[in-house]
Amino acid sequence: MSDGPSRASLSDWGLEPAVDYIQRVQRSDGLICWYPDGPADPWDHVESAMALSVAGRREAAERAYRWIADAQHDDGALWATYGDADGEEGAHDGDEPRKETHRSAYVAVGAWHHYLCTGDRDFLESLWPTVRDALAFACRQQAPTGEIYWTVGADGAVYEDALIAGCASLYKSLACGAAIAAELEHAAARDRWLEARTRLGAAIRERPDRFDRTWESKSRYAMDWFYPVLCGVVTGDPAQERLADGMDRFLEEGLGCRCVADEPWVTVAESCELVVSLAAVGRVERAREIYEWLFQWTDDEGVFWTGYQFEDEAFWPGERPTWTGGAAVLAADALSGISGAADLFTDPVSE
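Taking the numbering used here, the leading residue of the sequence shown gets 11, the next gets one more, and so forth.
What the hints contain is simulated information worked out from the structure, not anything from laboratory work.
Where a beta carbon is used, it is the ideal one built from N, C-alpha and C, also for glycine.
Incorrect hints may have been included.
What the hints assert, rightly or not - In silico lysine to any residue, SDA-like type, Cα no more than 20 Å apart, as pairs:
1) K228 x A254
2) K228 x D272
3) K228 x G246
4) K228 x L194
5) K228 x E273
6) K228 x R150
7) K228 x P27
8) K228 x T208
9) K228 x D247
10) K228 x R252
11) K228 x C269
12) K228 x Y169
13) K228 x R217
14) K228 x D258
15) K228 x R259
What the hints assert, rightly or not - Okay, the calculated beta carbon distance ranges per label pair:
16) G246 x E323: 25 to 31 Å
17) D357 x E323: 54 to 60 Å
18) E295 x P107: 41 to 47 Å
19) D310 x A212: 21 to 27 Å
20) E262 x P107: 15 to 21 Å
21) A212 x E263: 45 to 51 Å
22) E262 x D165: 21 to 27 Å
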């Protein structure tokens, strides 16, 4: 989706410090925590691993995916979080341990992304059982109406409600899983996942009543706005219209994208995902303009802060998450065509 050769490498974008930071934070077992000695979650772990793949840090990226294979439960799931200070896997900030479908399934996106970056079929083959079981876990939680339920408790109880952003992510995971299955000639799995994806997409587009039924609507969060575009659920003119409808609500000119519509807080990761969403609908110059704003939110080393509270004029919270740098690398790739996976989110044909 690049419209020219400008800034065609991570060094040109000044992103090497972000990648170096991800690699420094990565544990010896492959897990990429949010920040040194912090917690981790499987979705953000994969996003950080994808940045390593774009940067050509193959050994580090592959260690990250092997961690998922080693940590995966017999049912194909992963805990929602890992590495909390209290040592309780699956929980964070006092929550009960759980297995979230979109976090468990995102390995499919990472595995396909790594293959597009490297062409390493042997490594893709080695990840096939992990991808197969992760998507099987997610598909077992699919409702008759198409949405995929959010989470399963440690006791096996299914929480029968769904998230727009989470299901959009699952839509992308199913697409990438189907691409892997096609590449490795697992036709039955491919067909099964494409059918589940079709039903899921229809639910997201046509059945808003199936989401946020048991909790307050998440529509105030930017991810609910652009994730259906980012993940290919909504395309073409409807995607253009969806993004246009939310711009005044979420975009702060010169700063970035608000994480939550009613909070004076722009976040780098959401801004980067908006950048990729805009590139996906052909608005590459606007995407690049917004992306350029985000480099004011780095520290002296060039590592991104989570975001900026513009009423208090302060970085908040005072953290530098690995996944924020990961999102920045993926946005640069989408804009500049740095890796073989540059079109993963901007060209549905690549699925």
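Do the alpha carbons of K228 and G246 lie within 20 Å of each other, as the hint requires? 24 Å, violated
Please verify whether K228 and D272 have alpha carbons no more than 20 Å apart. The hint holds at about 12 Å.
Assessment of proposed distance window 21 to 27 Å (beta carbons of E262, D165): 43 Å, violated
Given the range 15 to 21 Å, decide if the beta-carbon distance of E262 to P107 lies inside it. Taking Cβ atoms as reference, E262 and P107 lie about 36 Å apart, which means the hint is violated.
Taken at face value, is the distance from the CA of L194 to the CA of K228 at most 20 Å? Answer violated: K228 to L194 is near 37 Å, above 20 Å.
Between the beta carbons of E295 and P107, is the distance compatible with 41 to 47 Å? Holds, at about 45 Å.
Is it true that the C-beta distance of D357 to E323 lies inside 54 to 60 Å, as the hint says? With a Cβ separation near 39 Å, D357 and E323 fall outside 54 to 60 Å, so the hint is violated.
Hinted pair K228 and A254, Cα distance within 20 Å: At roughly 19 Å apart (the allowed maximum being 20 Å), A254 and K228 satisfy the hint.
CA of K228 to CA of R150, is that 20 Å or under? Between K228 and R150 the Cα gap is close to 24 Å, so the pair fails against 20 Å, i.e. violated.
Mind checking the hinted window 45 to 51 Å against the Cβ distance between A212 and E263? For E263 against A212, whose Cβ atoms are near 36 Å apart, the range 45 to 51 Å is violated.
Straight-line Cα separation of K228 and R259 no greater than 20 Å? 14 Å, holds
Quick one, are K228 and D258 close enough, alpha carbons at most 20 Å? 18 Å, holds
Consistency with the previously given hints fails for numbers 3, 4, 6, 7, 8, 9, 16, 17, 19, 20, 21 and 22, ordered from lowest to highest.
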